[in-house]
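As they're listed, the protein sequences go chains V and W. Each residue of the first sequence is one higher than the one before, starting from 1 at the first, in UniProt numbering. Each residue of the second sequence is one higher than the one before, starting from 1 at the first, in UniProt numbering.
No wet-lab data here; the hints were simulated from the structure. Any given hint might turn out to be false.
[Unchecked claim] Distance condition first, Cα-Cα at most 20 Å in a straight line; then the derived SDA-like pairs of lysine to any residue: (1) V:178 with W:137; (2) W:69 with W:131; (3) W:178 with W:190; (4) V:78 with V:118; (5) W:178 with V:154; (6) W:178 with W:33; (7) W:178 with V:118; (8) V:178 with V:92; (9) V:178 with W:157; (10) V:178 with W:154; (11) W:178 with V:78.
[What the hints assert, rightly or not] A short, non-exhaustive set of chain V residues, derived as facing chain W with CB atoms under 7 Å: (12) 28; (13) 33; (14) 47; (15) 105; (16) 112; (17) 151; (18) 164; (19) 169; (20) 189; (21) 195.
Idealized CB from N, CA, C, for every residue including glycine.
This is what each chain is made of:
Number of protein chains: 2
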Amino acid sequence: MPKKVDHEQRRRQIAEAVWRIASGRGLEDVTLRQVAAEAGVSTRLVQYYFGSRDALLLGALELLSLDQKQRVEERIPKDASPRLLLREILIGLLPLDEHQRMTLLVQLAYFIRALNDEALAAAFIDPEDQSLENLFIEIMTAARAQGQIADGLDLAREADTLLAVSTGVGPDILVGLKTGDQVIAMIDYHLDRIFLSSE
Amino acid sequence: MPKKVDHEQRRRQIAEAVWRIASGRGLEDVTLRQVAAEAGVSTRLVQYYFGSRDALLLGALELLSLDQKQRVEERIPKDASPRLLLREILIGLLPLDEHQRMTLLVQLAYFIRALNDEALAAAFIDPEDQSLENLFIEIMTAARAQGQIADGLDLAREADTLLAVSTGVGPDILVGLKTGDQVIAMIDYHLDRIFLSSE
């Protein structure tokens, strides 16, 4: 079905134009006309694929969220230890490469609008964080059963902390207040507290 | 000098209109005309007090940063223990009241633009975080000298963690994924790790 593939590629090409504009200049400049120019297509084509500006904003965000999910999943090594598994997911959330940097910027650009727009909020808040939190608790609970976790820890709070460290420093990395190495050292500091072994 | 006071009040009245629009709908709607309407003054008056849209954006952000600094400082209790001091500052950074909520939203609205605008970046990134980090390290170092800190902690990393927890969960509070009580419990969890006494 070459026609179908072509449609998907075209939608992605337009969505990528939205991402570039939103991450570089904010939503302010995401208009049908400017997106069309950035994507190198006509405004009519953008309308054909997405409809209104609202639908374009939503569609581009949905594609980005899907992308990020896949990227984090691809980073997870097979047969990794619980500690390494957590570490890879956490590092995967940091804006250390161009794509993750852009993803965080697009999310920041959309944030306020999503607070007042249920459809955007669903594509956004969509409990990715919650499910990561639960995944982290599961991983650490399994590691505890194997005697790998330090005594006296509240695993739900530790999961929250790991996520807060990873997401809380994102903007600091973007503005250059922290380097990726500094943040990874911070993640390791907490993994050292949580796990009895360094492997 | 009643004239001077009046000028400052007028600037603040206009800045507050910028904050309300930016926190509610993003920078997209912060135009001279919409700000004038929101402030209940003429577009000419906005121009008289701030000049261009760029200067208005900058001036409103500077006033907000000043405000936030004062509010955090006012929260700090006199003769507080090191632990209570940290706790009050950290809670003061959370979007738990209407003003802190608005402050965080305005900062999010400005973020991408500040990455590409040195004047905005200076009003923004202006090393408030860095200085808070250093203040936290100082407070904990003094507490350590008095035997109040648990063994084996890297105080710079702990300072980073406390700040990351506080800033990292801000958006989660705004979207309702976390309550203020949950986040305060998380802050206390870390203060319990760091401080030997609960006072």
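Run through the hints listed earlier and report the numbers of any the structure violates, in increasing order. 4, 6, 11, 13, 14, 17, 21
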